[in-house]
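K.L.:
Since the structure of chain F is provided, determine the placement of chain S on it from the hints.
The primary structure of each chain is shown beneath.
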Amino acid sequence: MDWTLQKQLFLGFFRAGIFGYGGGPASIPLVHKEVVQGYGWMSDEEFYDILAIGNTLPGPIMTKMAGYIGYRIGGVTGLFSALTASVFPTVVLMIVLIGALLSFQSSPIVQGMTSAIAPVVGVMMLTLTYNTLKSTKGRTGWLFVTVFTLLSIVVLELLNIHPAFWIALLLIIGVMYWRKPASPEE
Amino acid sequence: MIFWELFMAFFIPGIVGYGGGPASIPLIKHEVVERYSMVTTEQFGEMLALGNTLPGPIATKMAGYIGYEAAGIPGAAVALFATIAPSLLAMIFLLSLLYTFKDSPRVKKMTLYIRPAVAVLLGALAVQFFQSGMTDAGITHTIILGAGSLFLFERTRLHPAFVILAALLYGVIFLS
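Just so you know, the sequences run in chain order F and S.
Counting from 1, one number per residue, gives the positions in the first sequence under UniProt numbering.
Counting from 1, one number per residue, gives the positions in the second sequence under UniProt numbering.
Bound-form chain F, shown alone:
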């Protein structure tokens, strides 16, 4: 077994979990940072695919990402390294610190810390949004990106249609459209 790889998987997901304030979704940009930019285990494209499929499935996103990426990079052992690192430390903290937290949670210091984090997470999310669009534009052109982004905003945000349906539909459109000879590039 590749111990270095297992250690890296553990450390990468440990950092992503322990610095993710605001639940699992807040960790997504941190996971991206670790697996794409930090360790270079996968390309941007692969990361966005995993994120998209993760969004079509129910359940917590962080454990799906950690478990799958761990499995992909380091097999079943990798799955456990990444999952343990992202789940275990904070669960243990919760169980151990519950007494202390009970007395501290209303303290202004803790309140101040938690309210300062949200804008930073917002910026990280926005950066990831921008990168996703930029990489898609690189492969398809700005017209494609504009049309499908606007469509997605209408469908997901205005009509409130479930992301799973929309993503599944886009996958089907993708398959069908490719068959046409007029398909752009490649």
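Check each hint, because a few of them may be wrong.
Unchecked claim - The list that follows gives simulated cross-link-like pairs (lysine to aspartate or glutamate, EDC-like), each with its CA atoms no further than 20 Å apart:
{"no.": "1", "chain 1": "S", "residue 1": "K108", "chain 2": "F", "residue 2": "E46"}
{"no.": "2", "chain 1": "F", "residue 1": "K134", "chain 2": "S", "residue 2": "E154"}
{"no.": "3", "chain 1": "S", "residue 1": "K109", "chain 2": "F", "residue 2": "E45"}
{"no.": "4", "chain 1": "S", "residue 1": "K102", "chain 2": "F", "residue 2": "D44"}
{"no.": "5", "chain 1": "F", "residue 1": "K137", "chain 2": "F", "residue 2": "E46"}
Since the hints were derived computationally from the structure, they do not count as laboratory data.
P.N.:
Below, chain S without anything else, positioned relative to chain F:
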């Protein structure tokens, strides 16, 4: 049978809750408070508030803690397994299927179509975080923190962890 109840209480929210862990919190509450009466509404609210002061995914913190309170370490293990395993197995299955055809240009192309949707979902999360920043920290601090962290992320090679620590410090000094 407490282990079966714990399993079901976290299995159901895990397979019907969309939108990540935070979205499944009301479903978890329904199971552990209303169906199985493991904790009271007040206790649940308190646990959630405490969980939110700690980093990391919230659904697993709740599962681990409620499982531990109900039946010790085995209880925590059962609740965590029920939260994590079903959706993770589905994820591995679906992606393995997709990557079987990974070298076909058709699959390469088809995943391009979902990119803008992913971007919109991420953008919506960004808006949510900004909104909660506005509510908790006010507009001025949200702008300072947002602009400051954007500058640090784009202009320096600082690891996000340091930016987050800096924001926590900022919160202690200016927001407490």
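K.L.:
Now look at each hint and say whether the structure bears it out.
P.N.:
These are the hints, each one checked on the structure:
Of the pairs offered as hints, the one joining K108/S and E46/F holds, with about 10 Å between alpha carbons and a cut-off of 20 Å not exceeded. Of the supplied pair hints, the one linking K134/F and E154/S holds, its CA atoms being roughly 15 Å apart against a limit of 20 Å. At most 20 Å may separate the alpha-carbon atoms for a hinted pair to count; K109/S and E45/F meet this at roughly 11 Å. With a C-alpha separation of about 15 Å, the suggested pairing of K102/S with D44/F holds against the 20 Å cut-off.
For the given pair, K137/F sits about 16 Å from E46/F by alpha-carbon distance, which is consistent with the 20 Å threshold.
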